[in-house]
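K.L.:
Chain by chain, the residues:
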Amino acid sequence: MADPFLSIQHVRKSFGATTVVEDFNLDVERGEFVSFLGPSGCGKTTVLRMVAGFEEPSAGTIVVGGKDITRLKPNQRNVGMVFQAYALFPNLTVAQNIGFGLKVAGMPRADIDARVAEMLGIIKLPQMADRYPYQLSGGQQQRIALARAIAPKPKLLLLDEPLSALDAKVRVSLREEIRSIQKKLGITTIFVTHDQEEALSISDRIAVMYGGKAEQVGTPFEIYNRPATKFVANFVGTLNVLEGTVTDAAAGTVRVNSEQVSLKGKLNGSKSGDTLSLALRPEAISLGRQPGRDSSLSGEISEVHFLGSVIRVRVGIGGNTVSLDTFNSPATPPPAVGEKAEISFSSSDMLVLH
Amino acid sequence: MKSGKFWAWLVFALGAAYFFIPLIATVEFSMRMRRGEYSFDAYKVVLGDARFQATFGYSVLAAVFTIILGVLIVVPAAYWIRLRLPQLRPIVEFITLLPLVIPAIVIVFGYIRMYGSNSPLPFLATDTGTNALLVIGYATLALPYMYRAVDTGLRTIDVRTLTEAAQILGAGWGTIITRVILPNVLIAVLSGAFLTFAIVIGEFTMASLLNRPAFGPYLQNIGANRAYEPAALAIIAFAITWGCMSLIQILSRFAPRSANRPN
Numbered sequence: 001m002a003d004p005f006l007s008i009q010h011v012r013k014s015f016g017a018t019t020v021v022e023d024f025n026l027d028v029e030r031g032e033f034v035s036f037l038g039p040s041g042c043g044k045t046t047v048l049r050m051v052a053g054f055e056e057p058s059a060g061t062i063v064v065g066g067k068d069i070t071r072l073k074p075n076q077r078n079v080g081m082v083f084q085a086y087a088l089f090p091n092l093t094v095a096q097n098i099g100f101g102l103k104v105a106g107m108p109r110a111d112i113d114a115r116v117a118e119m120l121g122i123i124k125l126p127q128m129a130d131r132y133p134y135q136l137s138g139g140q141q142q143r144i145a146l147a148r149a150i151a152p153k154p155k156l157l158l159l160d161e162p163l164s165a166l167d168a169k170v171r172v173s174l175r176e177e178i179r180s181i182q183k184k185l186g187i188t189t190i191f192v193t194h195d196q197e198e199a200l201s202i203s204d205r206i207a208v209m210y211g212g213k214a215e216q217v218g219t220p221f222e223i224y225n226r227p228a229t230k231f232v233a234n235f236v237g238t239l240n241v242l243e244g245t246v247t248d249a250a251a252g253t254v255r256v257n258s259e260q261v262s263l264k265g266k267l268n269g270s271k272s273g274d275t276l277s278l279a280l281r282p283e284a285i286s287l288g289r290q291p292g293r294d295s296s297l298s299g300e301i302s303e304v305h306f307l308g309s310v311i312r313v314r315v316g317i318g319g320n321t322v323s324l325d326t327f328n329s330p331a332t333p334p335p336a337v338g339e340k341a342e343i344s345f346s347s348s349d350m351l352v353l354h
Numbered sequence: 001m002k003s004g005k006f007w008a009w010l011v012f013a014l015g016a017a018y019f020f021i022p023l024i025a026t027v028e029f030s031m032r033m034r035r036g037e038y039s040f041d042a043y044k045v046v047l048g049d050a051r052f053q054a055t056f057g058y059s060v061l062a063a064v065f066t067i068i069l070g071v072l073i074v075v076p077a078a079y080w081i082r083l084r085l086p087q088l089r090p091i092v093e094f095i096t097l098l099p100l101v102i103p104a105i106v107i108v109f110g111y112i113r114m115y116g117s118n119s120p121l122p123f124l125a126t127d128t129g130t131n132a133l134l135v136i137g138y139a140t141l142a143l144p145y146m147y148r149a150v151d152t153g154l155r156t157i158d159v160r161t162l163t164e165a166a167q168i169l170g171a172g173w174g175t176i177i178t179r180v181i182l183p184n185v186l187i188a189v190l191s192g193a194f195l196t197f198a199i200v201i202g203e204f205t206m207a208s209l210l211n212r213p214a215f216g217p218y219l220q221n222i223g224a225n226r227a228y229e230p231a232a233l234a235i236i237a238f239a240i241t242w243g244c245m246s247l248i249q250i251l252s253r254f255a256p257r258s259a260n261r262p263n
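In order, the protein sequences belong to chains A and B. In this text, residue positions in the first sequence follow this note's numbering: the first is 1, and each later residue adds one. In this text, residue positions in the second sequence follow this note's numbering: the first is 1, and each later residue adds one.
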């Protein structure tokens with residue numbers, strides 16, 4: 001990346017003896033949508049708050065548009081932020097909330113009114129200008145909060161788990177709306193979430209965080225299909241982990257249960273006799289032998305869950321259990337628990353976790 | 001009627017009698033100035049007395065300054081403690097309770113000793129200085145009520161997130177306090193203000209020992225020298241206090257409603 005718009009370099013944050021962010025590095029291009037994804041306590045919100053200016057880094061620098069903002073106060077950064085708890089001002093109407101930042105900036109009344117009307121149009125709530133926050137649903141409040149954040153045309157938009165307090169249906173529609181508005185305005189955005197589906201569905205890139213560090217930064221496709229660490233592989237998506245033993249390091253063969261699987265070029269210096277953790281996504285596994293799948297394992301069906309369009313099947317293979325989904329077919333009854341079963345997959349889909 | 005309900009009504013009736021009988025007796029007595037018939041003569045005398053108007057006006061003005069001083073001290077302090085120094089809350093709560101356990105007479109003697117005409121800070125050497133000291137003393141007496149009212153108001157809003165939301169939109173501390181925090185705790189501040197008003201109007205010890213022409217010493221003076229007027233004055237003072245309490249109730253209906261409800 002030649003000239004990043006947002007550059008977070010070697011940022012560290014400690015509270016007393018506890019370090020919550022360690023040597024965090026990230027470059028974000030202008031107009032990019034980057035998600036910080038990780039479990040609670042991984043430091044993702046702390047990094048976001050440092051970018052906003054609510055926390056001061058113990059070390060490192062934060063540069064936006066070529067300007068070092070590390071020590072600037074939040075009100076000097078020209079950054080917009082949407083909070084999990086909406087944080088609309090209860091005493092102000094929707095229009096006054098959206099116009100708050102513009103009024104603080106000293107914009108003339110007529111310009112504020114025009115910008116507020118434009119924002120209400122963008123979030124598709126033009127009739128709500130005179131309502132108070134308590135008269136709106138959670139989804140509407142969060143859209144107003146988004147409009148308020150982008151009204152002053154900030155350089156950077158920060159979204160701190162903005163969908164967490166909403167119900168599932170509203171969450172999906174609002175995330176699509178956020179992404180569409182972000183694309184339309186071309187505003188560089190950082191989105192904090194612990195919901196992998198959210199991150200995968202709307203991000204240009206994802207920084208998966210764990211223990212105060214970015215474990216992996218990549219596109220949703222890379223993060224899902226080529227996880228760099230065991231944590232990323234386990235955290236993002238559903239994963240079947242199988243224990244295997246390297247039988248011939250030179251040939252790249254591994255024994256899983258009593259069957260051989262070829263993993264040539266993936267063993268990364270493992271020696272014969274080493275034990276490895278191997279991972280397979282459920283969608284990479286088929287029940288029964290399928291054409292084009294070069295590996296198979298035998299086992300016994302231990303659980304069957306009928307979920308409507310999909311049937312989730314768990315197959316016991318030695319000491320491991322593998323989960324896979326098959327589409328429901330009205331002509332074919334689901335497999336029965338206790339039946340012998342064979343699963344097949346392409347060895348190229350198997351991940352070796354380090 | 002179930003026996004439980006009977007006892008509840010009996011307790012209620014006894015409580016109401018304890019409260020209302022002396023009040024009704026005082027009203028009745030205050031109206032007996034004219035022999036053989038009820039009249040409002042005592043009220044006319046009291047309200048027409050120039051000293052009543054002067055002392056009441058003085059105390060109202062002192063109450064207004066006390067409220068302004070109280071708001072200027074308590075709102076930023078309570079806000080800052082909620083925002084940045086929550087660990088200090090128990091200590092500050094204890095300090096704000098001290099005026100309830102330290103008698104006003106101790107505070108006023110302390111003032112006389114500290115700020116007498118021979119001291120390095122001779123507040124008591126001039127009328128203006130003494131008036132200022134009285135207002136400061138009143139603000140101290142009203143501190144427990146003002147602090148609790150404001151703190152309760154702050155508890156109903158998400159102080160930290162609202163502050164951060166205003167900050168990120170470019171607002172400085174002045175804008176945050178005047179346009180975001182204060183409007184959302186205004187009803188609580190007004191509650192504190194009316195309680196302060198009620199305390200100041202009836203306060204005797206400080207005003208008397210600092211020799212100020214306030215309403216409290218006037219009440220005492222009338223009570224010691226007249227028969228019917230003190231009863232009329234007690235009812236007037238009671239009406240003022242009740243008026244303040246009613247205003248708190250009415251204004252609380254206009255409090256900004258919290259928007260942070262689940263979807």
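Hints are computed from structural coordinates only; laboratory data are not their basis. Keep in mind that a hint or two might mislead.
[As the list claims (entries may be wrong)] Below 25 Å or equal to it, Euclidean Cα-Cα: the simulated SDA-like pairs (lysine to any residue) are:
| no. | chain 1 | residue 1 | chain 2 | residue 2 |
| --- | --- | --- | --- | --- |
| 1 | A | Lys103 | B | Gly172 |
| 2 | A | Lys73 | B | Met31 |
| 3 | A | Lys155 | B | Gly172 |
| 4 | A | Lys153 | B | Pro76 |
| 5 | A | Lys103 | B | Trp173 |
| 6 | A | Lys73 | B | Ala239 |
| 7 | A | Lys73 | B | Leu61 |
| 8 | A | Lys103 | B | Ala227 |
K.L.:
Are the hints correct? Go through all of them and say.
P.N.:
Hints, one by one, checked against the model:
1. A:Lys103 to B:Gly172: holds (13 Å)
2. A:Lys73 to B:Met31: Violated - the C-alpha atoms of B:Met31 and A:Lys73 are around 66 Å apart, more than 25 Å.
3. A:Lys155 to B:Gly172: holds (19 Å)
4. A:Lys153 to B:Pro76: The given pair, whose Cα atoms are some 31 Å apart, is violated under the 25 Å limit.
5. A:Lys103 to B:Trp173: holds (15 Å)
6. A:Lys73 to B:Ala239: Between A:Lys73 and B:Ala239 the Cα gap is close to 51 Å, so the pair fails against 25 Å, i.e. violated.
7. A:Lys73 to B:Leu61: Violated, at about 41 Å.
8. A:Lys103 to B:Ala227: With Cα atoms ~61 Å apart, A:Lys103 and B:Ala227 exceed 25 Å; violated.
Hints 2, 4, 6, 7, 8, counting from the list given before, are not met by this structure.
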